[in-house]
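In order, the protein sequences belong to chains G and Z.
Everything in the first sequence is counted per my numbering, starting at 7 for the first residue and increasing by one.
Everything in the second sequence is counted per my numbering, starting at 826 for the first residue and increasing by one.
It is worth saying that the hints were derived from the structure and are not from the lab.
What you are looking at is a predicted structure, and each value in this text was computed from that prediction instead of being measured.
Keep in mind that the hints are not guaranteed to be accurate.
What the hints assert, rightly or not - Looking from chain G toward chain Z, a few residues come up when the C-beta cut is under 10 angstroms (computed):
| hint | residue |
| --- | --- |
| 1 | CYS73 |
| 2 | ASP80 |
| 3 | ILE96 |
| 4 | PHE109 |
| 5 | LYS123 |
| 6 | TYR182 |
| 7 | GLU184 |
| 8 | LEU187 |
Cβ coordinates follow ideal geometry from the N, Cα and C atoms, glycine included.
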Amino acid sequence: MSESSRLKFYCDENRCIGCDGCSVACAEAHELPSGVNRRKVVTLNEGIEGLEYSLSIACMHCTDAPCEEVCPVDCFYIREDGIVLHDKDICIGCAYCLYACPFGAPQFPQDGAFGTKGVMDKCTMCAGGPEETNSHTERELYGQNRISEGKVPVCAAMCSTKALLVGDSNEVSNIYRERVLSAGHGVKTQPYGWNVAYGSKK
Amino acid sequence: MKSKYIFIALIALTSLAFGASDSAIWGKDLIANIAGYDKEGSLHLGKYFTLLQSTYFKPLFFGVLVGVPAAFFIHYAVIGPMIFSHDRKKIYVFTLFNRVVHAISAISFMLIIPTGLVMMFGSFFGGGSFVRLCTEIHAISTLLFIISIVPMFFMWVRWMFIHIDDIKWLMIVGGYLNKDKKPVPAGRFNAGQKTWFWLATLGGVLMISTGTAMYFQDFKLEIIASYGISQIDLLRASAITHNALGIGILALFLVHIYMSVFAIKGAIHSMITGFKEEEEVEILHSSFYKELKEKKEI
Chain G
7 MSESSRLKFY CDENRCIGCD GCSVACAEAH ELPSGVNRRK VVTLNEGIEG LEYSLSIACM
67 HCTDAPCEEV CPVDCFYIRE DGIVLHDKDI CIGCAYCLYA CPFGAPQFPQ DGAFGTKGVM
127 DKCTMCAGGP EETNSHTERE LYGQNRISEG KVPVCAAMCS TKALLVGDSN EVSNIYRERV
187 LSAGHGVKTQ PYGWNVAYGS KK
Chain Z
826 MKSKYIFIAL IALTSLAFGA SDSAIWGKDL IANIAGYDKE GSLHLGKYFT LLQSTYFKPL
886 FFGVLVGVPA AFFIHYAVIG PMIFSHDRKK IYVFTLFNRV VHAISAISFM LIIPTGLVMM
946 FGSFFGGGSF VRLCTEIHAI STLLFIISIV PMFFMWVRWM FIHIDDIKWL MIVGGYLNKD
1006 KKPVPAGRFN AGQKTWFWLA TLGGVLMIST GTAMYFQDFK LEIIASYGIS QIDLLRASAI
1066 THNALGIGIL ALFLVHIYMS VFAIKGAIHS MITGFKEEEE VEILHSSFYK ELKEKKEI
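Next comes chain G alone, as it looks inside the complex (with noise of 0.2 angstroms):
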């Protein structure tokens, strides 16, 4: 497979309208503990006017992943088609990946009995992990594996904007692109009046 086709998540920001409908789907389809959010809404320039939008930020599978470079037990893993994974059996939940990444995307449940942080979760963009593809115990430490049944990821496909994109990086990219060019395009500005609503066609 070529760089080109990569999965990505993109989320397009004239659409976010940070409902936090990702996050919760996310939670729920893969039961996420208390305190673990691989995916969260955040909002930028608050209460600025035109200037703040709303982003749904999660594990952003990247190229050049910083997270898998630190691993000192080289527990991460990217596969074919960019989505960056990690082995739960081999993290020690050191949490260098929290602070190389720049999404502050790991998350680390509570975990003990002083409290102290157990292994690594984070966004595994559906796709399960290392073990068994939708074994039992894939689906308690990874959550569930949509990729491997041809699902798109689920937050992105409860998305209710269709604000949060995911895909080969391309088709992303054209799907964004298109939306751009056609901005404004199509978008009535005059009230239809009951002559255009009701009348015939022409």
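Given the structure of chain G, go ahead and fit chain Z onto it with the hints provided.
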């Protein structure tokens, strides 16, 4: 009356719940951190940490771990150990308190350093439960280090300040480059021991604080936040400091072991019994020996 208290208790509980959910890393600071990552004006710590951890720390640790013992092996083979007479008088140099404090600290080092190295070379050990166990031992044995470091600092600090002897000692590398039994300029502690003392105590405090920060991770210190340093940048700085200082501590730890066990035959016994051989003091701590002579203590 009762309902009022229940109401207050409920409010207190909800505020607790909200307090707990307000993370210092994934809370409102998250936005500023994402937007400002490696931008002009930021501390660039994310980039620095990634570069250092991915490229430099492991080879540096490996270099020290292999290079220092290799240098000692050559030293031992070429120059050989210093052997002092065990037949002369013995001088009492370390009190029971000194030895107990040193023993606690020694045990903590023997736990902390190997487990730390297992973490640094975690991929060699395949990660998983063994390395995870080592991270826990690394953290728990810090408690031993903490209880020994404070008395150790105060019981020895008065002899640890720099002296003209230290410069002379450094000029001849402590007299270790030959086997001549010429008096080496040093007081109760020589320049090497002084360096190790400061690195282990002041450096130790830095190691403890940065390690604790990484262990507990999600907390907020107002004093740090007031300087405009975000929690994630504090953690990045902690990781960089912890690893960089760790290289130095590992190096001097290896030196310390070589000196006590191999380079000076029987030197380790002084930390067990409290007595040093008179000849050893006369040669290696000549200024201290003179001082004792003047005071007629020997």
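Do the hints match the structure? See the list:
1. Nearest Cβ of chain Z to the Cβ of CYS73(G): about 9 angstroms, under the 10 angstroms cut. The hint holds.
2. With a least beta-carbon distance of about 4 angstroms to chain Z, the hint placing ASP80(G) at the interface is held under the 10 angstroms criterion.
3. Hint status for ILE96(G) relative to chain Z: holds, with the closest Cβ pair at about 4 angstroms, below 10 angstroms.
4. Using the Cβ-Cβ criterion of 10 angstroms, the hint placing PHE109(G) at the interface with chain Z is satisfied: the shortest such distance is roughly 6 angstroms.
5. At its closest, the beta carbon of LYS123(G) sits 6 angstroms from a beta carbon of chain Z; the interface hint therefore holds under the 10 angstroms criterion.
6. For TYR182(G), the suggested interface contact is broken, since its CB lies about 20 angstroms from the closest CB of chain Z, more than 10 angstroms.
7. Given hint, GLU184(G) at the interface with chain Z, is violated; its Cβ is 27 angstroms from that chain's nearest Cβ, farther than 10 angstroms.
8. Look at LEU187(G): its Cβ only gets to about 27 angstroms from chain Z, farther than 10 angstroms, so that hint breaks.
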